[in-house]
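Take these sequences, add in the hints, and give me the full structure.
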Amino acid sequence: MKFQMLGPIEIQTSDGCQVTPKAMKLRSLLAYLCANRDEVASSSQLIDALWSGAPPQTAPTALHVYISKLRKHLQDIGLDAMSVLATRPPGYQLNLSGVTLDVNDLENLLAKARVLRESGRKEEASEVFGQAIALWRGRALEDLRDIPAFDSIGRQLDERRVLAQEQRFELELELGNHTAIIGELFPLVDNRTTSENLHGLLMIALYRSGRTAEALATYSCLRRNLVDDFGIEPTPRLQRLQYAILAHDPSLDGHGAHLLNAV
Numbered sequence: 001m002k003f004q005m006l007g008p009i010e011i012q013t014s015d016g017c018q019v020t021p022k023a024m025k026l027r028s029l030l031a032y033l034c035a036n037r038d039e040v041a042s043s044s045q046l047i048d049a050l051w052s053g054a055p056p057q058t059a060p061t062a063l064h065v066y067i068s069k070l071r072k073h074l075q076d077i078g079l080d081a082m083s084v085l086a087t088r089p090p091g092y093q094l095n096l097s098g099v100t101l102d103v104n105d106l107e108n109l110l111a112k113a114r115v116l117r118e119s120g121r122k123e124e125a126s127e128v129f130g131q132a133i134a135l136w137r138g139r140a141l142e143d144l145r146d147i148p149a150f151d152s153i154g155r156q157l158d159e160r161r162v163l164a165q166e167q168r169f170e171l172e173l174e175l176g177n178h179t180a181i182i183g184e185l186f187p188l189v190d191n192r193t194t195s196e197n198l199h200g201l202l203m204i205a206l207y208r209s210g211r212t213a214e215a216l217a218t219y220s221c222l223r224r225n226l227v228d229d230f231g232i233e234p235t236p237r238l239q240r241l242q243y244a245i246l247a248h249d250p251s252l253d254g255h256g257a258h259l260l261n262a263v
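According to full-length UniProt numbering, the residues represented by the sequence shown are 1 to 263, in order.
It cannot be assumed that every hint is accurate.
[Unchecked claim] Using 25 Å as the maximum straight-line C-alpha spacing, the simulated DSS-like pairs for lysine-lysine come out as follows:
| hint | residue 1 | residue 2 |
| --- | --- | --- |
| 1 | K22 | K72 |
| 2 | K22 | K69 |
| 3 | K25 | K72 |
| 4 | K112 | K2 |
| 5 | K22 | K2 |
| 6 | K25 | K2 |
| 7 | K112 | K122 |
| 8 | K25 | K112 |
| 9 | K2 | K69 |
| 10 | K25 | K69 |
[Unchecked claim] Okay, the calculated beta carbon distance ranges per label pair:
| hint | residue 1 | residue 2 | range |
| --- | --- | --- | --- |
| 11 | L163 | D229 | 19 to 27 Å |
| 12 | L96 | D15 | 33 to 41 Å |
| 13 | E127 | I182 | 16 to 24 Å |
| 14 | D15 | Q93 | 22 to 30 Å |
Don't read these hints as lab results, they were simulated from the structure.
Small disclaimer: the values here were computed from a predicted structure and weren't measured.
We treat Cβ as the ideally placed atom computed from N, Cα and C, and that holds for glycine.
Below, the structure written as structure tokens:
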């Protein structure tokens, strides 16, 4: 059985069937417990998350009801509900013994990729970063993002995807695979219009592919977005990258480990 947070909150059986509770409060409860799986989630924390800081007077009783319903759902799909969802004063704790969680899989893959990168095994590291990125099925906790507590949790998880993507692209550039990643970078910069790291990586990939004008246009687009949205200029690091491209600086043709900091 697998619990999944990297997309809509879901429970998936070993044969791929979805057995997720339909009620939003039950999905929210499961999501919060998954996000705080290493500690006890107090009743007050759960109430604050489920009712966005404005709980009704009946919230403690309602929470108890939701816990009972979630346990029944877990029992119905073949789990030991009292063990998986244990009462631990002052609240409850999720026990994942015998259950996998995609966020734990993510952490293991990212740790493995970092070790491979540090040991110089770049192709393997890039492949493992790709496996980690593939765990996402959309925005993390996508079905709960209208609830403030879960939007915050989801954004934190999604930032980890962006970081993994950036690290993988850096490796691909170091491996000389600049042309292959351009098609992946374009939609990402379209979605993150003020991300200097992603724009910088795209600029380098385009320049190395002989597309200097497009690399410079990417910088201009980034600058326009930053000025229009925040009234600020790109950082000196990105300005130096633009100047290096204009000057056809030989350093841009290398495969250094810190490409954006090398100019």
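Outcome of the hint check:
no. : hint                    : in the structure
1   : K22 x K72               : holds, 13 Å
2   : K22 x K69               : holds, 11 Å
3   : K25 x K72               : holds, 14 Å
4   : K112 x K2               : holds, 21 Å
5   : K22 x K2                : holds, 17 Å
6   : K25 x K2                : holds, 19 Å
7   : K112 x K122             : holds, 12 Å
8   : K25 x K112              : violated, 35 Å
9   : K2 x K69                : holds, 19 Å
10  : K25 x K69               : holds, 10 Å
11  : L163 x D229: 19 to 27 Å : holds, 22 Å
12  : L96 x D15: 33 to 41 Å   : violated, 20 Å
13  : E127 x I182: 16 to 24 Å : holds, 19 Å
14  : D15 x Q93: 22 to 30 Å   : holds, 28 Å
Violation of the numbered hints given earlier is confined to hints 8, 12; the remaining hints are satisfied by the structure.
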